[in-house]
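*Asks:* Residue numbers (my numbering), protein chains in the order written: chain A, 1 to 418; chain B, 1 to 210.
Read the hints as simulated data drawn from the structure, not as lab findings. Predicted, not measured: the structure shown is a model, and the values here were computed from it. A few of these clues could be false.
[Unchecked claim] Derived lysine-lysine pairs resembling DSS-like cross-links, with alpha carbons at most 30 Å apart:
(1) K135(B) to K176(A)
(2) K176(A) to K80(B)
(3) K246(A) to K232(A)
(4) K80(B) to K138(B)
(5) K80(B) to K95(B)
(6) K176(A) to K73(B)
(7) K176(A) to K95(B)
(8) K231(A) to K246(A)
(9) K138(B) to K95(B)
(10) K231(A) to K402(A)
(11) K413(A) to K402(A)
(12) K366(A) to K95(B)
(13) K232(A) to K400(A)
(14) K95(B) to K135(B)
(15) K11(A) to K232(A)
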Amino acid sequence: MKLSPPPYQPKNAFTRWLDDRLPVIRLWHDVMGKGYLVPRNLNWLWNFGVLAGIALTIQIITGLALAMHYVASSNEAFNSIEAIMRYVGFGWLIRYGHMVGASLFFAALYIHMFRGVYYGSYKAPREVVWLIGVLLFMLAMATAFLGYSLVWGQMSYWAAQVITGLFSVVPFVGEKIRIWVLGGFAPNAATVNRFFVLHFTLPFVILAVVGLHVWALHRQGSGNPTGIEVKKAEEVVPMQPYYIAKDLVAIGVFLLIFCSLVFFYPNIFTDPDNYIPANPFSTPAHIKPEWYFWPFYAVLRSFTVNFMGIPAKLWGVLGMGLSVLVWGLLPWLDNSPVRSGRYRPVFRCFFLLFMADILLLGFCGKQPAEEPWIRLGQWASLYYFAFFLVILPILPLVEKTKAVPSSVEEAEKKRTDA
Amino acid sequence: MKNSEAKNGKGDMSKDVEGHAFKKPQADLSEQTDKALSGLDRRDFLNVAAVGIAGMGVCGAAIPFIAQMNPSKDVSEQSKTEVDISTIQPGQTVKVVWRDQPVFIRHLTEQEITEANAVALSDLRDPETLEQRTKAGKTNWLVTMAVCTHLGCIPQGSNSSEPRGEYGGYICSCHGSAFDTAGRIRRGPAPTNLVVPPYRFISPSVISIG
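Just chain A, with the same shape it has in the complex:
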């Protein structure tokens, strides 16, 4: 049974007139206002979708300002960013904001994603919400990589070289594709130009896809920590004012962290090597991506020998690609009828291990390509894929889940009693 929210009622002559012609206030009412009913038992983990949206907004605003001063040319790019830092009014603030904003965007995204896994948010009927989310994650990764390259420091240049090198694994035409993507035999003037155009355009694509994400979510309504669908009017509250207020508190805390980082630790996430201008004739001794790509980078490096007739290089790229795409398969890999991790004790253990495993993978990805990090990364990669492809499909067959309460109300009553 679907709960029926209060319909929008224009209050005066102007809003009545406007509602007949362009129902924008009605749209707001239905999506973010009193017309959207949200389970009343959401915990703080449900704030991170909005926080990712705030981070995206920060990125777009600071990015627009930076684009007014950035010069997309292999000779000028690095210098133009140094000029932004030194000569442009508040340029240092805007650029540090963009750098820190990118990290916080991914931090919010990762928490949002882990929340989805723990509480089974991807399960029917919200598979499409999840799929669009995975698409958003991939778009964010592409945008972040392109933006990082634009700095045209040593790490930027070699990131562009290595990441476009991934295309060269395609059989027969790989090298041609790589040259086509770069517009040259190695990253060059044409590369900076096109990366800038794409980096500028993709955030607006992301914005549009976020619209789809929210649309798909609101079709079924938000989930909640119990994993039980809301059935009664007592189990929900309207978005406005209850969750708007809660989100504002979360946004306040988020901005506090953001400002602390921008003002006191602006370079905490960056590699000092990226303050050396790009040199196409010298690779830094230890290249590594930004922190949010370390786990995937570790997967890429875990394949060191040819096997099953497939070269190590192709395995590495396939493995890294699959480590992202496999998130999109979650709704079909996990068939447990119980949605929330609260009622799945065995799943909870494997999930915690999975989070620890990702941290370990990230740590290995940060280290130089030497032992013991490669071997450790291989074991961590093995568990990463085992969690998705073996543990999640098998668990529903063997796991004895806790009794799932019949309603959200009952579940929350039990929790407060306990």
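Position chain B against the provided structure of chain A, taking the given hints into account.
*Replies:* Chain B alone, transformed into the frame defined by chain A:
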């Protein structure tokens, strides 16, 4: 002929009007059967043809937009680099630029040549002898791209102060591929040996790459 046909037609129609009420639905039925059998009536055909032609047009129009991303002429026509190798001592490697990419020119020592020749081809991921990778009578000159065949980093080892890995040639610190003194892949994720670019000796002391 036409007249008589028209007359016949008219005659048939007047017959319909006169009471053969089932004739028209019968014709429709057979039309439907035809459609079911072939799966395509005239309107479907026109739709498919129109969408097909428009699709081909869109594909054609996409060609320039895809092609513009290829290297422009000023980049793609950078074809040749000439290098004087007379000053490179045995054991020394120099890096030169060809088509925006670095190239290693390595003057191998006797020991490095012996090491390279001592390796059994069956031990190699990409089996090639030093002879195959150098010019006849010039096995002491190893010319390779300084681009790791894994993901394109520049391997270390051209300078004696840099690490050369356990096989004495080059080591790529990005993802840990090690190359021997013939520039052949021995360990790590790189799929093939360092690429030997097209080059020739235009005199005993000058090579032309490209």
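*Asks:* Next, verify each hint and record whether it holds.
*Replies:* Each hint, compared with the structure:
no. : hint               : verdict
1   : K135(B) to K176(A) : holds, 27 Å
2   : K176(A) to K80(B)  : holds, 20 Å
3   : K246(A) to K232(A) : holds, 22 Å
4   : K80(B) to K138(B)  : holds, 21 Å
5   : K80(B) to K95(B)   : holds, 15 Å
6   : K176(A) to K73(B)  : holds, 16 Å
7   : K176(A) to K95(B)  : holds, 24 Å
8   : K231(A) to K246(A) : holds, 23 Å
9   : K138(B) to K95(B)  : holds, 19 Å
10  : K231(A) to K402(A) : holds, 21 Å
11  : K413(A) to K402(A) : holds, 16 Å
12  : K366(A) to K95(B)  : holds, 29 Å
13  : K232(A) to K400(A) : holds, 29 Å
14  : K95(B) to K135(B)  : holds, 19 Å
15  : K11(A) to K232(A)  : holds, 28 Å
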